[in-house]
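**Student:** So the chains spell out like this:
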Amino acid sequence: MGTSRIFAIIPAFNERNKIGKVVDDAAKYVSRVVVVDDGSTDGTPERAKNKKAVILKHIINLGQGAALQTGFEYAKINKADIVVTFDADGQFTASEIPRIIDPILKEKADVVLGSRFLGKAVNMPAMRWLVLRLGLVFTRLFSGIDLTDTHNGFRAFSARAVERMQITHNRWAHPSDVIYQIARNKFNFVEVPVTVSYTSYSRKKGQSNLEALKIPISLIVRALLP
Amino acid sequence: MMIPSQLLLTVVILFIIARTLVAYKKNNFSRSFTVVWIFFWLGVIFFIFQQNIVIQVAHKLGISRGVDLIIYLSLIAVFYFIYRLLGTLYEIDAKITKIVREVAIKDVKKKKA
Numbered sequence: 001m002g003t004s005r006i007f008a009i010i011p012a013f014n015e016r017n018k019i020g021k022v023v024d025d026a027a028k029y030v031s032r033v034v035v036v037d038d039g040s041t042d043g044t045p046e047r048a049k050n051k052k053a054v055i056l057k058h059i060i061n062l063g064q065g066a067a068l069q070t071g072f073e074y075a076k077i078n079k080a081d082i083v084v085t086f087d088a089d090g091q092f093t094a095s096e097i098p099r100i101i102d103p104i105l106k107e108k109a110d111v112v113l114g115s116r117f118l119g120k121a122v123n124m125p126a127m128r129w130l131v132l133r134l135g136l137v138f139t140r141l142f143s144g145i146d147l148t149d150t151h152n153g154f155r156a157f158s159a160r161a162v163e164r165m166q167i168t169h170n171r172w173a174h175p176s177d178v179i180y181q182i183a184r185n186k187f188n189f190v191e192v193p194v195t196v197s198y199t200s201y202s203r204k205k206g207q208s209n210l211e212a213l214k215i216p217i218s219l220i221v222r223a224l225l226p
Numbered sequence: 227m228m229i230p231s232q233l234l235l236t237v238v239i240l241f242i243i244a245r246t247l248v249a250y251k252k253n254n255f256s257r258s259f260t261v262v263w264i265f266f267w268l269g270v271i272f273f274i275f276q277q278n279i280v281i282q283v284a285h286k287l288g289i290s291r292g293v294d295l296i297i298y299l300s301l302i303a304v305f306y307f308i309y310r311l312l313g314t315l316y317e318i319d320a321k322i323t324k325i326v327r328e329v330a331i332k333d334v335k336k337k338k339a
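Residue numbers (our numbering), protein chains in the order written: chain A, 1 to 226; chain B, 227 to 339.
Derived from the structure by calculation, the hints contain no laboratory data. Some clues are possibly wrong.
Derived CB-CB ranges, DEER-like [unchecked claim]: (1) B:Leu315 to A:Leu134: 20 to 30 Å; (2) B:Val262 to A:Pro226: 17 to 27 Å; (3) A:Ile145 to B:Arg291: 43 to 53 Å; (4) B:Tyr298 to A:Phe138: 30 to 40 Å; (5) B:Leu311 to A:Pro125: 32 to 42 Å; (6) B:His285 to A:Pro125: 55 to 65 Å; (7) B:Ile271 to A:Ala183: 46 to 56 Å; (8) A:Pro125 to B:Lys252: 48 to 58 Å; (9) A:Pro226 to B:Lys252: 28 to 38 Å; (10) A:Arg133 to B:Leu315: 28 to 38 Å; (11) B:Leu315 to A:Ser208: 15 to 25 Å; (12) A:Phe138 to B:Ile242: 36 to 46 Å; (13) B:Ile229 to A:Phe138: 49 to 59 Å.
List of simulated lysine to any residue pairs, SDA-like, C-alpha gap at most 20 Å [what the hints assert, rightly or not]: (14) A:Lys79 to B:Lys335; (15) A:Lys21 to A:Tyr198; (16) A:Lys214 to B:Leu315; (17) A:Lys79 to B:Ile331.
These numbers were taken from a predicted model, which means no experiment stands behind them. No residue lacks a Cβ here, since even glycine has one placed at the ideal position from N, Cα and C.
Go ahead and model the full structure; you've got the sequences and the hints to work with.
**Tutor:** What follows is the structure, encoded as structure tokens:
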């Protein structure tokens with residue numbers, strides 16, 4: 001892939017203070033930054049627009065999973081070769097984007113999953129470590145896929161994978177949904193080490209441990225619905 | 227002779243039937259739903275006055291009391307309705323998501339044009 005169209009999809013909900021820098025950093029490594037504003041009320045889309053990102057605006061808040069799927073739909077229409085998903089709260093390191101897309105460029109994988117446990121988890125609270133480990137066990141049981149980090153939003157998808165991705169869990173259960181779809185579609189996947197930095201800001205903005213515990217319930221209920 | 231609980235339940239059920247008929251007149255319920263719903267409540271009245279039948283059925287199923295049979299059936303019905311309700315909620319959620327997504331993508335296309 002000589003001149004690949006690489007899109008960074010950044011779901012954002014009330015990230016006014018961080019979105020500008022996150023867009024600037026990501027833009028150095030991709031051909032287009034797409035911010036999916038998930039019904040922010042603090043002026044996030046205006047801040048991102050100033051940075052020349054493409055803004056997709058959800059008129060109401062749907063959740064990060066829904067925002068990612070909106071980004072995927074946009075990437076399909078605009079014929080992206082590679083899609084990188086990236087969080088808006090500044091937890092990820094944009095300079096690691098080349099590393100996460102490398103296996104797709106070399107056609108070694110359809111999906112590349114970032115792993116903080118292969119890489120670095122800076123200032124990760126002990127409780128978060130425990131919740132993520134429990135998530136691994138649950139995902140392994142349900143998907144049959146053995147990973148070191150399931151709930152990491154730093155990922156890369158080939159055009160073939162984006163074409164088939166259909167995230168239906170709008171909220172916090174969507175990372176598990178992504179893993180199940182990798183299993184169902186038999187995508188080639190690989191994990192690469194990434195850095196996730198926990199700050200007081202990211203801890204305040206991110207998923208609470210209580211919300212994380214609701215994920216298995218949400219997944220089981222959805223699986224049983226008609 | 228009617229006992230107080232039978233009288234109370236009958237009044238409540240007659241109220242439900244009356245409300246059903248009003249809803250039917252306002253076209254809120256279809257004719258078939260109205261018929262099924264009214265027959266269901268008339269059936270409940272029948273069992274309120276013929277409790278021996280419930281008791282006999284309960285005994286045949288190995289349940290000692292008629293009222294226990296009613297409670298078990300009610301619980302099954304409630305769980306089923308919750309299940310259906312969750313399914314409907316999920317469908318509505320999926321539809322709203324689709325609309326919001328299409329608006330988001332169309333807006334960008336419009337700005338480009």
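**Student:** Confirm or reject each hint.
**Tutor:** Okay, the hints, checked on the actual structure:
The supplied range of 20 to 30 Å is met by Leu315 (chain B) and Leu134 (chain A), whose beta-carbon atoms lie about 27 Å from each other. Between Val262 (chain B) and Pro226 (chain A) the beta carbons are some 21 Å apart, a value that agrees with the proposed interval 17 to 27 Å. Between Ile145 (chain A) and Arg291 (chain B), the C-beta spacing of about 50 Å keeps the proposed range 43 to 53 Å intact. Look at Tyr298 (chain B) against Phe138 (chain A): about 32 Å separates their beta carbons, and that is inside 30 to 40 Å.
Restraint check, Leu311 (chain B) to Pro125 (chain A): a C-beta distance of roughly 37 Å satisfies the suggested window 32 to 42 Å. In this structure the supplied range 55 to 65 Å holds for His285 (chain B) paired with Pro125 (chain A), their Cβ-Cβ distance being about 59 Å. The beta-carbon spacing between Ile271 (chain B) and Ala183 (chain A), approximately 53 Å, falls within the hinted interval of 46 to 56 Å. Checking the proposed 48 to 58 Å range against Pro125 (chain A) and Lys252 (chain B) shows it holds: the Cβ atoms sit about 56 Å from each other.
Taken as a hint, the range 28 to 38 Å holds for the pair Pro226 (chain A) and Lys252 (chain B), whose Cβ atoms sit roughly 30 Å apart. Range check, Arg133 (chain A) to Leu315 (chain B): Cβ separation about 31 Å, and the 28 to 38 Å hint holds. The hint said 15 to 25 Å for the Cβ distance between Leu315 (chain B) and Ser208 (chain A), and at roughly 23 Å that hint holds. Separation of Phe138 (chain A) from Ile242 (chain B) is about 44 Å and conforms to the stated range, judged on CB atoms against 36 to 46 Å.
Judged by the Cβ atoms, the range 49 to 59 Å given for Ile229 (chain B) and Phe138 (chain A) holds: they are separated by roughly 53 Å. Proposed proximity of Lys79 (chain A) and Lys335 (chain B) is supported: the alpha carbons are some 14 Å apart, at most 20 Å. Taken as a hint, the Lys21 (chain A) and Tyr198 (chain A) pair is honoured in the structure, with Cα atoms around 17 Å apart against an allowance of 20 Å. Taking the CA atoms of Lys214 (chain A) and Leu315 (chain B), the gap is about 18 Å. The hint holds against a cut of 20 Å.
Between the alpha carbons of Lys79 (chain A) and Ile331 (chain B) the distance comes to roughly 14 Å, so the proposed pair stays at or under 20 Å and holds.
Going through the hint list in order, the structure satisfies each hint without exception.
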